[in-house]
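*Asks:* Starting from the structure of chain A, add chain B where the hints point.
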Amino acid sequence: MGPEPAESEWLSLVGDLRRRVALQCLLGESEGHSELVVFAPQVERVDAVAGAALRVRIDRHLRQFPDGRVMIEPPTRSLPAEHLRELITPLPEGVTFGEHDREDEIARFALVPATIVQDHEAAVAAAGYALEACEHARIADRRANLAAAAVAELSNNALQHAAGSDQAPAVAVTVSGRERVIEVAVVDLGTGISSSERPADALTHIASPEHGNGFLADFLRRGSKRDLDVSIEILSGTATLRRTWAAHRTENGSFVPGTTVVARIAA
Amino acid sequence: MSMTPVTYPLRNYGLVLATRELGADVAEHLRANTLKSGGVIVDFCDIRVASSPFLDELACVLRAMIADTPRRFVLLANLNEDLADTLELVLQRRDIVLTVVRDGKLETVGGTRQLDETLAEADVLGTFTAADLAERLELKLPNLHQRLAQLTAAGALVRSEDPSAKRGRRLLFQTPGLDYRVPAGSC
Numbered sequence: 000m001g002p003e004p005a006e007s008e009w010l011s012l013v014g015d016l017r018r019r020v021a022l023q024c025l026l027g028e029s030e031g032h033s034e035l036v037v038f039a040p041q042v043e044r045v046d047a048v049a050g051a052a053l054r055v056r057i058d059r060h061l062r063q064f065p066d067g068r069v070m071i072e073p074p075t076r077s078l079p080a081e082h083l084r085e086l087i088t089p090l091p092e093g094v095t096f097g098e099h100d101r102e103d104e105i106a107r108f109a110l111v112p113a114t115i116v117q118d119h120e121a122a123v124a125a126a127g128y129a130l131e132a133c134e135h136a137r138i139a140d141r142r143a144n145l146a147a148a149a150v151a152e153l154s155n156n157a158l159q160h161a162a163g164s165d166q167a168p169a170v171a172v173t174v175s176g177r178e179r180v181i182e183v184a185v186v187d188l189g190t191g192i193s194s195s196e197r198p199a200d201a202l203t204h205i206a207s208p209e210h211g212n213g214f215l216a217d218f219l220r221r222g223s224k225r226d227l228d229v230s231i232e233i234l235s236g237t238a239t240l241r242r243t244w245a246a247h248r249t250e251n252g253s254f255v256p257g258t259t260v261v262a263r264i265a266a
Numbered sequence: 000m001s002m003t004p005v006t007y008p009l010r011n012y013g014l015v016l017a018t019r020e021l022g023a024d025v026a027e028h029l030r031a032n033t034l035k036s037g038g039v040i041v042d043f044c045d046i047r048v049a050s051s052p053f054l055d056e057l058a059c060v061l062r063a064m065i066a067d068t069p070r071r072f073v074l075l076a077n078l079n080e081d082l083a084d085t086l087e088l089v090l091q092r093r094d095i096v097l098t099v100v101r102d103g104k105l106e107t108v109g110g111t112r113q114l115d116e117t118l119a120e121a122d123v124l125g126t127f128t129a130a131d132l133a134e135r136l137e138l139k140l141p142n143l144h145q146r147l148a149q150l151t152a153a154g155a156l157v158r159s160e161d162p163s164a165k166r167g168r169r170l171l172f173q174t175p176g177l178d179y180r181v182p183a184g185s186c
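So the sequences go chain by chain: A and B. If you're matching positions, the first sequence starts at 0 in numbering that gives the first Met the number 0 and goes up one per residue. If you're matching positions, the second sequence starts at 0 in numbering that gives the first Met the number 0 and goes up one per residue.
Misleading hints may appear alongside valid ones.
Where chain A lies over chain B, by a calculated footprint (3+ residues, C-beta under 8 Å) [claimed, not checked]:
1) 21-34
2) 50-57
3) 95-105
Not close to chain A: a few residues of chain B, all C-beta gaps over 12 Å, as computed [stated by the list, open to error]:
4) 79
5) 119
6) 124
7) 126
8) 131
9) 149
10) 151
Hints in this document: simulated from the structure, not taken from any laboratory. Everything numeric in this text was worked out from a predicted model, so none of it was measured. Think of the CB as a built atom: it goes at the ideal place given N, C-alpha and C, for glycine as much as any other residue.
Only chain A is shown next, with the shape it has when bound in the complex:
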């Protein structure tokens, strides 16, 4: 008799796997099985947040089970399948994505596939990669430069401020739509804001263009000066903050672990 097959943990994903839904579905507590099945045939849409969150989940799983496996069953529809494949390849060892291996294809959606950022040097390296990818995708310098700076600084912010978690953050960058909107998403599992009594209050103190002195405020200032339509979205715990140069809004919703920052750069 051989060894008993390992029990699997199944993550069944459906529909629009973006933003808060992606974080809730992908970053929940683990069940403690060494085999993780991400079952996504019915997924219709994904975004940079979904890619970064999936990468964090995979990394967390493989650190917990160094000999473990992750099997991703891709969406049935070709477009979300392609987007998810671009976001998650190259695959780490122990991870499979459906039946096929098409890693050499040119990415059209994921400028930077979801990447774990271990330290500030990795954050700068990811920014360099983002700049090259933007150049390859013929994105104008003024947007490409802002995106690259966002990759480095948002990742580094997560490394610095994600208290209460030993899980490294992940970053992903996508370009989509007729206007070729760039989205830089950084996902971390820090509990400082998400587990605070009032996450919405904590978020309103971040990214204020009038008073802030960190990168988020500079990002909005630079976008405004360059006539770019830029915005920041931060999801942490029960709160969501949306901020542009001129306005901000906070909302409360269902809980998501950690903190996710999305920098959006439209033309």
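*Replies:* Okay, now just chain B, sitting in the frame of chain A:
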């Protein structure tokens, strides 16, 4: 100390310069490696992106370098439009003024229009006394002294005692010579 400048190329650290940590490292190397130089040109040739936290660290160290060694020029060169915009945001927040060489001419970053006009006229004179420049700008001396102090703190001017002064103490001001003028298209 010779006034010959040392050019410090930032491209040695990559084409994307970001994070406060990298900024602190680069600034410390810059300070340590130019301690004995007569002047410094911080060269941004080939740099595509420099984030505000990186530039903030660099700017603070440049301000300290100028204050510590006021008898040398400290200039920035080859900033693209994006870098100049970001640097301006950083310097305005810190109330710092620095000097760039653009197409062989000197300009301030973080300074006012009046400060740039003063620098341009000073540069025409090259070496001058405050009275010379005041006459040229049709300004009263006390008003000019404030601008001269700002330009000295920006690394654009150095001052020395005028040996030809017949009575009392007189200061001579000087703008950077041709060896500081990075020619257009050199990057």
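*Asks:* Run every hint past the structure and note whether it holds.
*Replies:* Results for each hint:
With 1 residues having a Cβ less than 8 Å from any Cβ of chain A, the segment 21-34 of chain B misses the three-residue criterion, and the hint is violated. With 3 residues having a beta carbon nearer than 8 Å to a beta carbon of chain A, the segment 50-57 of chain B meets the requirement of three or more and the stated coverage holds. Given as covered by chain A, the segment 95-105 of chain B fails the check, having 0 residues with a CB less than 8 Å from a CB of that chain where 3 are the minimum. With a least CB separation of 8 Å from chain A, residue 79 of chain B falls inside the 12 Å interface cut-off, contrary to its annotation.
With a minimum CB-CB distance of about 25 Å to chain A, residue 119 of chain B clears the 12 Å threshold, and the non-interface call stands. Every CB of chain A lies more than 12 Å from the CB of residue 124 of chain B, the least distance being 34 Å, so the non-interface label holds. Separation of residue 126 of chain B from chain A is adequate, the least Cβ-Cβ distance of about 37 Å exceeding the 12 Å criterion. Interface exclusion of residue 131 of chain B from chain A stands, the closest Cβ pair being 38 Å apart, more than 12 Å.
No beta-carbon of chain A comes within 12 Å of the beta-carbon of residue 149 of chain B; the shortest separation is about 23 Å. With a least beta-carbon separation of about 27 Å from chain A, residue 151 of chain B lies farther than 12 Å from that chain, consistent with its non-interface assignment.
When held up to the earlier numbered hints, the structure conflicts with 1, 3, 4 and fits the remainder.
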